[in-house]
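**Student:** Now for the letters of each chain:
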Amino acid sequence: DTAVSQTPKYLVTQMGNDKSIKCEQNLGHDTMYWYKQDSKKFLKIMFSYNNKELIINETVPNRFSPKSPDKAHLNLHINSLELGDSAVYFCASSPHSGTGDNEQFFGPGTRLTVL
Amino acid sequence: RKEVEQDPGPFNVPEGATVAFNCTYSNSASQSFFWYRQDCRKEPKLLMSVYSSGNEDGRFTAQLNRASQYISLLIRDSKLSDSATYLCVVIRAGGGNKLTFGTGTQLKVEL
Chain X
49 DTAVSQTPKY
59 LVTQMGNDKS
69 IKCEQNLGHD
79 TMYWYKQDSK
89 KFLKIMFSYN
99 NKELIINETV
109 PNRFSPKSPD
119 KAHLNLHINS
129 LELGDSAVYF
139 CASSPHSGTG
149 DNEQFFGPGT
159 RLTVL
Chain U
8 RKEVEQDPGP
18 FNVPEGATVA
28 FNCTYSNSAS
38 QSFFWYRQDC
48 RKEPKLLMSV
58 YSSGNEDGRF
68 TAQLNRASQY
78 ISLLIRDSKL
88 SDSATYLCVV
98 IRAGGGNKLT
108 FGTGTQLKVE
118 L
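Chains as they are written, first to last, in our numbering: chain X, 49 to 163; chain U, 8 to 118.
Since the hints were made in silico from the structure, they are not lab data.
Small disclaimer: the values here were computed from a predicted structure and weren't measured.
For glycine and all other residues, C-beta sits at the position ideal for the given N, C-alpha and C.
You can take every hint at face value.
Heads up, simulated DSS-like pairs for lysine-lysine below, C-alpha to C-alpha not over 27 angstroms straight-line:
(1) U:Lys86 <-> X:Lys88
(2) U:Lys52 <-> X:Lys119
(3) X:Lys92 <-> U:Lys49
(4) U:Lys105 <-> U:Lys49
(5) U:Lys105 <-> X:Lys92
(6) X:Lys92 <-> X:Lys70
(7) X:Lys88 <-> X:Lys57
(8) U:Lys49 <-> X:Lys84
(9) X:Lys119 <-> X:Lys67
(10) X:Lys88 <-> U:Lys105
(11) U:Lys105 <-> X:Lys119
(12) U:Lys52 <-> X:Lys100
(13) X:Lys84 <-> U:Lys9
(14) X:Lys84 <-> X:Lys70
(15) U:Lys105 <-> X:Lys57
(16) X:Lys115 <-> X:Lys84
Covered stretches of chain U, going by a simulated chain X footprint (3 or more residues, C-beta under 8 angstroms):
(17) 91 to 100
(18) 103 to 117
When you get a sec, could you build the whole thing from the sequences and use the hints?
**Tutor:** Put into structure tokens, the structure is as follows:
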């Protein structure tokens, strides 16, 4: 059983398009996250939701809009894609939003290539 | 300056060697520390948490020096399967569960 799943695994698209990435977790966790790993392999948090409520919103262009229809799902919609958006996007979840015994489990990643 | 700094490597070591990675963090308010492992083209996975008193998990030993803002990971008796990128991760006090990653140190264990 996949704990944190993402679709699609690969996404190749043209500049200017709008695309969405979906994430689902079946761990019963309250908190979900989106991370971006750039070409230099640097992983940086973008957003976090706790029970469908946005709790972390890093400095991310507003072309990126997360949506959490329920606590098991956190989708990422990207408008007007740019070349610099090419990266691997990882979804993650954790039991809660606090610290202490709160491991984050990552999905397999979505490799986005913008041409 | 990045908040979490690591030597990117690669560290190329023979099987059976002992290898150590270091990591420094700049924010003295950091309160939780971890090592994650990321295999090529895979997701990061938690390797171990790092506690002030130091902790060991089989061949892996993690140490924390709060005064110097320094974290280390020691791998003994390296296996081929240890080849991966090791990510130093911190959480700031009051930062919720927001993980701040270092750029990672690449390890290649060779025959």
